[in-house]
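Chains as they are written, first to last, in my numbering: chain Z, 1 to 178; chain S, 179 to 295.
Honestly, the hints are just simulated from the structure, not real lab data.
Heads up, some of the hints might be wrong.
Unchecked claim - Here are the computed lysine to any residue pairs in the SDA-like style, where the Cα-Cα straight-line distance is at most 20 Å:
no., chain 1, residue 1, chain 2, residue 2
1, S, Lys277, S, Val261
2, S, Lys210, Z, Val126
3, S, Lys210, Z, Phe20
4, S, Lys210, Z, Gly27
Said to hold, decoys possible - Selected chain S positions facing chain Z (in silico; Cβ < 10 Å):
no., residue
5, Tyr185
6, Met195
7, Gly242
8, Val261
9, Leu268
To be verified - Label pairs and their in silico Cβ distance ranges:
no., chain 1, residue 1, chain 2, residue 2, range
10, S, Glu287, Z, Gly155, 45 to 51 Å
11, S, Asp292, Z, Ala160, 22 to 28 Å
12, S, His289, Z, Asp105, 32 to 38 Å
13, S, His289, Z, Asp121, 33 to 39 Å
Cβ coordinates follow ideal geometry from the N, Cα and C atoms, glycine included.
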Amino acid sequence: MLLTFLVVTALAVVRLRSLFAVVMLSGIYSLVTAGVFIALDAVDVAFTEAAVGAGIATMLMLGTLRLTGHRQVAPRHSPILPLLVVTITGGVLLWGTRDMPRFGDPQAPVHLHVAPRYIEDSPIEVGVPNMVTSVLASYRGFDTLGETAVVFTAGVGVLALLGIGGRRRRDTDGDDQD
Amino acid sequence: MDWIGQYNYVVVFFLMMTGFYVVVARGNLIKKIVGLNIFQNSVFLLYISMGKVAGGTAPIVVAGEVVYSNPLPHVLILTAIVVGVATTALGLALAVRIKEAYGTVEEDEIHAQDDDW
Chain Z
1 MLLTFLVVTA LAVVRLRSLF AVVMLSGIYS LVTAGVFIAL DAVDVAFTEA AVGAGIATML
61 MLGTLRLTGH RQVAPRHSPI LPLLVVTITG GVLLWGTRDM PRFGDPQAPV HLHVAPRYIE
121 DSPIEVGVPN MVTSVLASYR GFDTLGETAV VFTAGVGVLA LLGIGGRRRR DTDGDDQD
Chain S
179 MDWIGQYNYV VVFFLMMTGF YVVVARGNLI KKIVGLNIFQ NSVFLLYISM GKVAGGTAPI
239 VVAGEVVYSN PLPHVLILTA IVVGVATTAL GLALAVRIKE AYGTVEEDEI HAQDDDW
């Protein structure tokens with residue numbers, strides 16, 4: 001099953017020390033996730049994940065590796081404490097989801113309350129056959145506008161951090177002590 | 179506990195904790211960002227797997243009586259993926275700046291330099 005493959009990829013990401021391989025694996029991971037999304041009927045999400053997650057994010061990481069070098073030094077701290085924290089957190093999460101509805105259960109509470117309204121009325125009210133599109137662009141249009149604002153802010157932030165065009169080299173300011 | 183019926187939650191939480199572990203235990207900033215991505219992806223999987231209806235199909239209108247999967251998680255996660263990449267880009271840009279300022283992206287070496295200062 002695809003989910004098991006995801007687990008294997010994630011474990012490899014933890015073990016490997018060559019960052020180039022790690023970035024490539026994270027691309028593969030995104031692509032497998034996109035496959036899982038298709039299997040779970042979320043075709044729009046799968047498109048986005050394949051294009052944005054596996055494509056753009058991997059490109060960004062490769063560009064960063066070019067600038068920062070691709071070797072990771074061996075971890076110096078003992079992994080006991082993080083492992084303990086992670087195991088406890090995971091255990092609590094598993095314990096907390098024991099009474100969650102079964103996978104694919106049509107009687108699960110998520111499917112009974114708001115979703116039927118959109119499934120039945122959105123094709124008539126908006127006129128777009130794809131319900132995800134109509135909810136995203138019409139009912140939740142402001143949310144999508146906010147998302148655009150977030151992406152714009154992030155773009156401005158990246159440009160501000162990396163400088164536009166030739167960055168001014170450290171000159172007379174006192175803020176460059178390295 | 180219903181093992182097979184909740185396999186998706188088990189995998190999601192395992193992945194989530196894997197990403198968490200990478201963020202906490204590994205010192206390399208790039209690796210931390212990859213771990214953060216794994217964590218994010220596991221949350222996406224959690225939502226999408228909750229939206230699945232057995233025997234359902236993708237929420238695109240077709241003729242006839244069809245069961246559709248729940249479209250609302252898809253919408254939320256669509257937004258989340260894009261925002262996630264925006265934060266990844268910002269984090270990577272920060273890592274590049276840290277590399278320029280300190281000459282390394284290893285957390286331990288950065289701390290050591292700060293202490294020396």
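Taking the hints in turn, this is what the structure says about them:
1. Taking the CA atoms of lysine 277 of chain S and valine 261 of chain S, the gap is about 24 Å. The hint is violated against a cut of 20 Å.
2. Restraint check: the Cα-Cα separation between lysine 210 of chain S and valine 126 of chain Z comes to about 42 Å, which exceeds 20 Å; the hinted pair is violated.
3. Note on lysine 210 of chain S and phenylalanine 20 of chain Z: the hinted pairing holds, with a Cα-Cα distance of about 14 Å set against a maximum of 20 Å.
4. Pair hint lysine 210 of chain S plus glycine 27 of chain Z holds up; C-alpha atoms about 15 Å apart against a cutoff of 20 Å.
5. Against a cut-off of 10 Å between C-beta atoms, the interface hint on tyrosine 185 of chain S holds, since the closest Cβ of chain Z lies about 7 Å away.
6. The restraint placing methionine 195 of chain S at the interface with chain Z holds, with a minimum CB-CB distance near 4 Å, inside the 10 Å limit.
7. At about 13 Å, the closest approach between the beta carbon of glycine 242 of chain S and any beta carbon in chain Z exceeds 10 Å, and the interface hint on this residue is violated.
8. With a cut of 10 Å, the hint placing valine 261 of chain S at the interface with chain Z holds, because the nearest CB-to-CB distance is about 5 Å.
9. With 10 Å as the threshold, the beta carbon of leucine 268 of chain S comes within range of chain Z, its nearest partner Cβ sitting at about 5 Å, so the hint holds.
10. About 30 Å separates the C-beta atoms of glutamate 287 of chain S and glycine 155 of chain Z, a value inconsistent with the hinted range of 45 to 51 Å.
11. At roughly 23 Å, the beta-carbon separation of aspartate 292 of chain S and alanine 160 of chain Z lies within the given 22 to 28 Å, and the hint holds.
12. In this structure the hint that histidine 289 of chain S and aspartate 105 of chain Z lie 32 to 38 Å apart at CB is violated, the actual value being about 49 Å.
13. Between histidine 289 of chain S and aspartate 121 of chain Z, the C-beta spacing of about 56 Å breaks the proposed range 33 to 39 Å.
The earlier numbered hints that this structure contradicts are 1, 2, 7, 10, 12 and 13.
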